[in-house]
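Colleague: Sequence:
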Amino acid sequence: MSKILLVDDDTSLLDALALSFEDEGFDVLTAPDGDQALVVVLNEHPDVIISDVNMPNLDGFSFCRRLREGGNDVPLILLTSRDNDIDEALGLELGADDYVAKPFSTRVLIARAKALLRRQAARAGEPTTSDTNDEVVELDQVRADPQRLEVQFKGEQIKVTVTEFRLVEAFLRRPGIVLSRDRLMELIRGDDSIVADRIIDTYVRRMRRKFEAIDDTFDSIETVVGAGYRWKR
Numbered sequence: 338m339s340k341i342l343l344v345d346d347d348t349s350l351l352d353a354l355a356l357s358f359e360d361e362g363f364d365v366l367t368a369p370d371g372d373q374a375l376v377v378v379l380n381e382h383p384d385v386i387i388s389d390v391n392m393p394n395l396d397g398f399s400f401c402r403r404l405r406e407g408g409n410d411v412p413l414i415l416l417t418s419r420d421n422d423i424d425e426a427l428g429l430e431l432g433a434d435d436y437v438a439k440p441f442s443t444r445v446l447i448a449r450a451k452a453l454l455r456r457q458a459a460r461a462g463e464p465t466t467s468d469t470n471d472e473v474v475e476l477d478q479v480r481a482d483p484q485r486l487e488v489q490f491k492g493e494q495i496k497v498t499v500t501e502f503r504l505v506e507a508f509l510r511r512p513g514i515v516l517s518r519d520r521l522m523e524l525i526r527g528d529d530s531i532v533a534d535r536i537i538d539t540y541v542r543r544m545r546r547k548f549e550a551i552d553d554t555f556d557s558i559e560t561v562v563g564a565g566y567r568w569k570r
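Numbering (the numbering used here), first residue to last: 338 to 570.
Derived by calculation from the structure, the hints in this document are not laboratory data. It cannot be assumed that every hint is accurate.
Stated by the list, open to error - Cut-off 30 Å, straight-line C-alpha distance, at most; resulting in silico cross-link-like pairs (BS3-like, lysine-lysine):
1. LYS340 to LYS439
2. LYS569 to LYS496
3. LYS491 to LYS340
4. LYS569 to LYS340
5. LYS569 to LYS491
6. LYS451 to LYS439
7. LYS491 to LYS439
8. LYS451 to LYS496
9. LYS439 to LYS569
10. LYS569 to LYS547
11. LYS496 to LYS547
Nothing here was measured: the structure is a model prediction, and the numbers come from that model.
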C-alpha cells in the first residue's frame, strides 16, 4: 500500500482528499502546514506528497525547498488557489514534480499521484506497468533510461525529476521535430487538465542549465520562435 502525505490548512478539503485517496487504496497521512509535514516526512517516510502552497507557518514553497535542500526526492505535487504561472514556475524551480491549480479534478489529482509513483518505482528498479516506451534512448551523448528514470550526459548522471525526465525523453525520441508547448505538455503531463502552457519554458530552462553544468556549450534544445522547441539534429 502506497503512503501519501496530504498537507493543507483547509481541514474540509483535507478530509475530502483523504477520503478519496483512501478509496483508491492509499495509506493517508495528513498535516496542516509545512512545519508539521516535515516531522511526518521524517517519521513516516511517505511515498508521495501533495501540498498546498498557501499555508500558515511554513508555506508550500518553503516546505518544498526544505525537502530538496535536505536531499529528499520524494515525489511532490503542489496545489495553489492562485492562477498564476509565475507561482507555478517558482514551485517547479524549487524542485516540485508537478503543480495543480485550484479548483481541480480529484480524479486528475489521483491520476497524477499514481503516475509519479509508477515513475518512482521504475527509478528504484521495481516492476511496473506503463504505456510508455521503456527502451533506452541515446542521442548526442545523452542517454535516457525510462525504467530507471535516469538521464546521463557525456557519461555523467543528471539528477532529474519525473517531469524533467519525460521532457528529455520527448525530445530524444523526436529529434529535429518542432514540438509546440501544448504538445510537450501533453507528452510530459499525460492528462487533460488545464495548465499555463508557458510553464514549459520553465522546464526547458531548468534542463538546459543542468546540461550546461556538464558542458557549457550545450545547445541541443533549440527554441523555434512562435512554434515551440526541438532537439537539434
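Colleague: CA of LYS340 to CA of LYS439, is that 30 Å or under?
Modeller: Answer holds: LYS340 to LYS439 is near 23 Å, not above 30 Å.
Colleague: Between LYS569 and LYS547, does the CA-CA distance stay at or below 30 Å?
Modeller: The given pair, whose Cα atoms are some 17 Å apart, holds under the 30 Å limit.
Colleague: Holds or violated: LYS569 and LYS491, Cα atoms, limit 30 Å.
Modeller: holds, 17 Å
Colleague: Is it true that the CA of LYS451 sits at most 30 Å from the CA of LYS496?
Modeller: At roughly 21 Å apart (the allowed maximum being 30 Å), LYS496 and LYS451 satisfy the hint.
Colleague: Hinted pair, alpha-carbon criterion (30 Å max): LYS439, LYS569. Please report holds or violated.
Modeller: violated, 37 Å
Colleague: For the pair we were handed, LYS496 and LYS547, check the Cα-Cα distance against 30 Å.
Modeller: holds, 8 Å
Colleague: Taken at face value, is the distance from the CA of LYS340 to the CA of LYS569 at most 30 Å?
Modeller: violated, 41 Å
Colleague: Next pair to validate is LYS491 with LYS439; report whether the Cα-Cα distance is within 30 Å.
Modeller: Answer violated: LYS491 to LYS439 is near 41 Å, above 30 Å.
Colleague: Would you check the hint for LYS569 and LYS496, treating anything up to 30 Å between C-alpha atoms as holding?
Modeller: It holds: about 22 Å lies between the C-alpha atoms, which stays within 30 Å.
Colleague: Taking only the CA atoms, is the gap from LYS451 to LYS439 under or equal to 30 Å?
Modeller: Roughly 19 Å separates the two Cα atoms, so the pair holds.
Colleague: Verify the proposed pairing of LYS491 with LYS340, using a straight-line Cα cut of 30 Å.
Modeller: violated, 36 Å
Comparing the model with each numbered hint stated earlier shows that hints 3, 4, 7, 9 do not hold.
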